[in-house]
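Got chain A; can you put chain B on it based on the hints?
Quick note, the sequences are listed as chains A and B, same order. First residue of the first sequence: 1, per the working numbering; consecutive thereafter. First residue of the second sequence: 1, per the working numbering; consecutive thereafter.
Hints in this document: simulated from the structure, not taken from any laboratory. In this text the structure is predicted, and so the values were computed from the model without any measurement. Any given hint could be a false lead.
Label-pair distances were calculated between CB atoms; the ranges are [as the list claims (entries may be wrong)]:
hint : chain 1 : residue 1 : chain 2 : residue 2 : range
1    : A       : Val332    : B       : Pro324    : 46 to 56 Å
2    : B       : Lys290    : A       : Glu26     : 53 to 63 Å
3    : A       : Leu327    : B       : Lys33     : 17 to 27 Å
4    : B       : Ser150    : A       : Ala11     : 46 to 56 Å
5    : B       : Gly293    : A       : Ser296    : 30 to 40 Å
6    : A       : Ala295    : B       : Lys37     : 32 to 42 Å
The beta carbon of each residue, even a glycine, is placed where N, CA and C say it ideally should be.
There are 2 protein chains.
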Amino acid sequence: MANARQSNFMALIVQKYGGSSVGNPERIKNVAKRVAKYRAKGDQIVVVVSAMSGVTDNLIKLAKEIMPLPTEREMDMLLATGEQTTIALTAMALHSLDLKAVSLTGSQAGIVTDDVHTKAKIQHIAPKQVHALLDAGNVVIVAGFQGQTSAGHITTLGRGGSDLTAIALAAALKADLCQIYTDVDGVYTADPRIVPGARKLDEISYDEMLELASLGAKVMQSRSVEFAKNFGVIFEVRSSLNDNPGTIVKEETKNMEDVVIRGVSLDKHQAKVTLVAVPDQPGVAARIFKALGDASINVDMIVQNISHGAGKPATDLSFTIDKPDLLKTRKVIDGFKAEIGYREAIADENIGKLSIVGVGMRSHSGVAAKMFETLAREGVNIEMISTSEIKISVVIELTKGEQAMKAVHAAFLE
Amino acid sequence: MANARQSNFMALIVQKYGGSSVGNPERIKNVAKRVAKYRAKGDQIVVVVSAMSGVTDNLIKLAKEIMPLPTEREMDMLLATGEQTTIALTAMALHSLDLKAVSLTGSQAGIVTDDVHTKAKIQHIAPKQVHALLDAGNVVIVAGFQGQTSAGHITTLGRGGSDLTAIALAAALKADLCQIYTDVDGVYTADPRIVPGARKLDEISYDEMLELASLGAKVMQSRSVEFAKNFGVIFEVRSSLNDNPGTIVKEETKNMEDVVIRGVSLDKHQAKVTLVAVPDQPGVAARIFKALGDASINVDMIVQNISHGAGKPATDLSFTIDKPDLLKTRKVIDGFKAEIGYREAIADENIGKLSIVGVGMRSHSGVAAKMFETLAREGVNIEMISTSEIKISVVIELTKGEQAMKAVHAAFLE
Chain A
1 MANARQSNFM ALIVQKYGGS SVGNPERIKN VAKRVAKYRA KGDQIVVVVS
51 AMSGVTDNLI KLAKEIMPLP TEREMDMLLA TGEQTTIALT AMALHSLDLK
101 AVSLTGSQAG IVTDDVHTKA KIQHIAPKQV HALLDAGNVV IVAGFQGQTS
151 AGHITTLGRG GSDLTAIALA AALKADLCQI YTDVDGVYTA DPRIVPGARK
201 LDEISYDEML ELASLGAKVM QSRSVEFAKN FGVIFEVRSS LNDNPGTIVK
251 EETKNMEDVV IRGVSLDKHQ AKVTLVAVPD QPGVAARIFK ALGDASINVD
301 MIVQNISHGA GKPATDLSFT IDKPDLLKTR KVIDGFKAEI GYREAIADEN
351 IGKLSIVGVG MRSHSGVAAK MFETLAREGV NIEMISTSEI KISVVIELTK
401 GEQAMKAVHA AFLE
Chain B
1 MANARQSNFM ALIVQKYGGS SVGNPERIKN VAKRVAKYRA KGDQIVVVVS
51 AMSGVTDNLI KLAKEIMPLP TEREMDMLLA TGEQTTIALT AMALHSLDLK
101 AVSLTGSQAG IVTDDVHTKA KIQHIAPKQV HALLDAGNVV IVAGFQGQTS
151 AGHITTLGRG GSDLTAIALA AALKADLCQI YTDVDGVYTA DPRIVPGARK
201 LDEISYDEML ELASLGAKVM QSRSVEFAKN FGVIFEVRSS LNDNPGTIVK
251 EETKNMEDVV IRGVSLDKHQ AKVTLVAVPD QPGVAARIFK ALGDASINVD
301 MIVQNISHGA GKPATDLSFT IDKPDLLKTR KVIDGFKAEI GYREAIADEN
351 IGKLSIVGVG MRSHSGVAAK MFETLAREGV NIEMISTSEI KISVVIELTK
401 GEQAMKAVHA AFLE
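Isolated chain A, as found in the complex (with noise of 0.2 Å):
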């Protein structure tokens, strides 16, 4: 990285572990070996994990049966025991190494958040306690996911959090290196488990992998990889069930754009919701999607189909959510129907949403009728339609989502 820190000519380097990356007890230890080896090369090293696989949603189970939708301070309470169980358990496997580590929650590591609880935004990171803990000989164990507000309660960062805190703490402390340790060996042109030709990138950009995150990539969510691009923090996404490099994320160079295609996605977990009728007047698209931001819901695709029918214009409003946000969406919908007048909302979880990524895509025509067209000869219905300059996306039926991403991947990619 360009401010990259040379004290006593050690690298710094920020390392994340994902859930199943320490899933168990000899997990844990692989991982406190792993970062031995680096730490016998003088490097200085800070360790983010997430909570133990498993864990968080044992843990929303457990709150769902006090009560169906938990209120959010306290969920958040609650979920940040899951990576402060981690870390305590990584500091001890690196003790039985014999090597010095203190274990610090988000709070500790001087993670600052807004106070959207269960999403919250990370708005600084005052490091000096990890500094200090580092140039006294540590490794730095810090939880993943979660921080605190100025006013002192705890938060959590939402789906993804933990690559975000590690991305986060690799811009703060200045590090040399950011290493995301998954259980792949880093991305593909499509999830190899559905795709068997799919390939591993040796690199891919930040916009690229913007796309590919943001569509259901199962590898890293779109916000961690929008804050390295944002503050120029080059990661690697690697396995940590091997040595093998992995790929490597940074700011587009020009023989990337050779490529049309860069990969193939899938995601199944966005839910579609249909408004039937909506009066077609100024200002009720603005009116529906304030109320469903304000209560913190993301909204990904939109299409607003022509007006029809006779009488007062109306047209119908489709857009895609998370799913689990379904529950929270139809409050909010049903809350502003009196005022804004639409006959019926329809939910459809069925849903998958293709996608095909690349830069090249940009100077080469003709990528999305030959998407289209592949799909056609699959029998696959496209029900929405969204695209970027560098990404095309369909939303189609979840059923036919892996037969789709297959043909798509053979035309394109092999």
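Here is chain B on its own, set in the frame of chain A:
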């Protein structure tokens, strides 16, 4: 209490619920219902909760899979998650009853401790945040068993720590009432699960409760009773399963002395260590117990036999410690073996400590003789004896503990 806080004529009540009272979501909901009943009367309520039963043991097991003797700062980081889970769930349960409630970790509640990890002592409590939340109409739920050092490290208070949190908070908040909810109806003359003739006591003095607590009556740890005595916190031990009045613990009153023996207790959680042939020189015992104290090992009974044998004078020195400290104790005594020059160390985990307690003992003679006779009649060998003004304790073989307890209870209390 003398300094009762009487703003707006409401009572301020601290209620503490132990691990089995919050052992599953259903029980947590029951706790919330009980709190709601008090809240409906207009009282201000502070709820202190332990980890759900089994949770702490599972965390310890997890830690030991990482390293056999987990480092203590990280153990605290790990164990603190147990109570943090419960406070979040308890707050949610109150929210689902439409009550305002906010959970606070020990740190957030202003509980400042020394830095002896896993056995920290409360140094002071800054109750400002709790008062502010109460005054804003909240039930405040505080994580028991934990605090933070002035440098911001998370600490735990050791066994019985949640009771201590409740009593210390009651003192700091000048509460009108402190209720310790547990799975028994109050303090009994003996453990009713072992002694069928055991009776519940309506009241008991701090000193009697102290002796019972320190001797293994499972209701409360001695440090909490000591704290209550020092700060004049009158508290009630009662059941979370019914509405029966419990046992009031308070300063000794005159008519308490009419009862010779208040109760009989059996402690199965100690181990006996004997150092054989310790040189009989001034300063040796001091050296030994200073080293144990420095390692934060609580020594309970100490017995030194007369010097024996020819040559240099040497003596056998026996003491009892908490069983979980045995590994640490071995390290300490191995450490000074060369320096002190004892011949060998013998540990015995199969002991029980049987005690009788009562302020009336002071004014009645022959109590010890009656106890020893009873044990002799049962064929129970006495290995160590220790007495105080209101207590007589003997160490006996663990397997004969319950038989001995029943016999002594029958002799004095039935």
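Verification of the supplied hints:
Checked against the given bound of 46 to 56 Å, the beta carbons of Val332/A and Pro324/B, roughly 53 Å apart, stay inside it. Taken as a hint, the range 53 to 63 Å is violated for the pair Lys290/B and Glu26/A, whose Cβ atoms sit roughly 41 Å apart. The hint said 17 to 27 Å for the Cβ distance between Leu327/A and Lys33/B, and at roughly 26 Å that hint holds. Take Ser150/B and Ala11/A: their Cβ atoms lie about 34 Å apart, and the range 46 to 56 Å is violated.
The hinted range of 30 to 40 Å is not satisfied by Gly293/B and Ser296/A, whose Cβ atoms lie roughly 54 Å apart. Separated by about 34 Å at the C-beta atoms, Ala295/A and Lys37/B satisfy the suggested range of 32 to 42 Å.
Of the numbered hints stated above, those contradicted by the structure are hints 2, 4, 5, listed in ascending order.
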